[in-house]
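Using the hints provided, position chain B relative to the given structure of chain A.
So the protein lines, in turn, are chains A and B.
The first sequence: position 41 = 41 (the numbering used here), numbered continuously.
The number in the numbering used here is simply the position in the second sequence, starting from 1, with 150 added.
Please note that a few of the clues may not be correct.
Calculated cross-link-like contacts (lysine-lysine; reagent style BS3-like; alpha-carbon spacing at most 27 Å) [what the hints assert, rightly or not]:
| hint | chain 1 | residue 1 | chain 2 | residue 2 |
| --- | --- | --- | --- | --- |
| 1 | A | K9 | B | K219 |
| 2 | A | K9 | A | K33 |
| 3 | B | K176 | A | K9 |
Label pairs and their in silico Cβ distance ranges [to be verified]:
| hint | chain 1 | residue 1 | chain 2 | residue 2 | range |
| --- | --- | --- | --- | --- | --- |
| 4 | B | G159 | A | D52 | 41 to 47 Å |
| 5 | A | R2 | B | T179 | 33 to 39 Å |
| 6 | A | G140 | B | L152 | 31 to 37 Å |
| 7 | B | E196 | A | V12 | 36 to 42 Å |
In short, the hints are calculated from the structure, not lab data.
Quick reminder that beta carbons are idealized off the backbone N, C-alpha and C, glycines included.
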Amino acid sequence: MRVEHPLAKGAVVPEAELWDFPEGLIGVPDLHKFAFVPIANADPFLLMCSADNPAFALVVAPPGALLSDYALELSAQDLQALGSFDADDARILATVILPAAGDRPPQLNLRGPIILAPRTRRGVQRVSHEESHGTIELFGGASAGASCSS
Amino acid sequence: MLVLSRRPGEHIAIGENVVVRVLSVKGDTIQLGIEAPRHIAVHRGEIRAQIIAAMEAARASAADPAAMKRLLESRRKDS
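Isolated chain B, as found in the complex:
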């Protein structure tokens, strides 16, 4: 892993089109500004991890032949 030290106002260039700028540092919070082409998705890491975990849980649950029956039973009880 490349490790760089930056001060507020300084930036890091990634390739030709991505710039990560340090906007401010307050306590243990660093505010970053990210400039990237529209086709590059930029998300908080924990949100992406949450979606991947939910996708894996959905995939694992779909492999259980009885799970869909349980869903339909939940719906029947709720209606």
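Chain A on its own, in the form it takes in the complex:
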């Protein structure tokens, strides 16, 4: 799969490195195969691109790398969906709303975390019912929801 998005700079992702989302994403149940492509000079941000619909791409990041006190408890249902029963294997990502022109800071959405199981290369998106998991503003912006402690 060649990723034509400007942030991916024509990266080529082998079929074997795609991730399978059997349930799709929330509100987008028909997309099942995704690539996660590093964005140049923007670690830990990644471009999440659909292999089913090349026009679908968004930026994601691991909340744990950006927020010191982020935690998400995975349920047995989550682990079953991922085909993995070792929670320590799981990687958690959150979608990022990049800043529009002006002073509005970027935002991280903790309400709908994306959970990846590297061993099975499966992913799911879940709803976090943790009260503190709303949409938060990054890099010194004021919180748009609640704080992100957990």
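Okay, now just chain B, sitting in the frame of chain A:
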């Protein structure tokens, strides 16, 4: 849309595996109990709508070639 009237203690069956039970009615608040298989996600409607809106905003923002530069500039200023 199918519209059904139910009293507290009564329920609605959806298919073979989903049951929605009216537990109580207090003022304008109805407490529901939902029994469904684990693979069926059950969420408050406004939470799901919030996530879908955030996903769409994330997708739209990623289409702006300058937006990632602005994010990195925000990070640089914050560090």
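ask   = Checking against the hints above, which ones are violated?
value = Numbers 3, 5, 6 - these are the hints that the structure violates, sorted from lowest upward.
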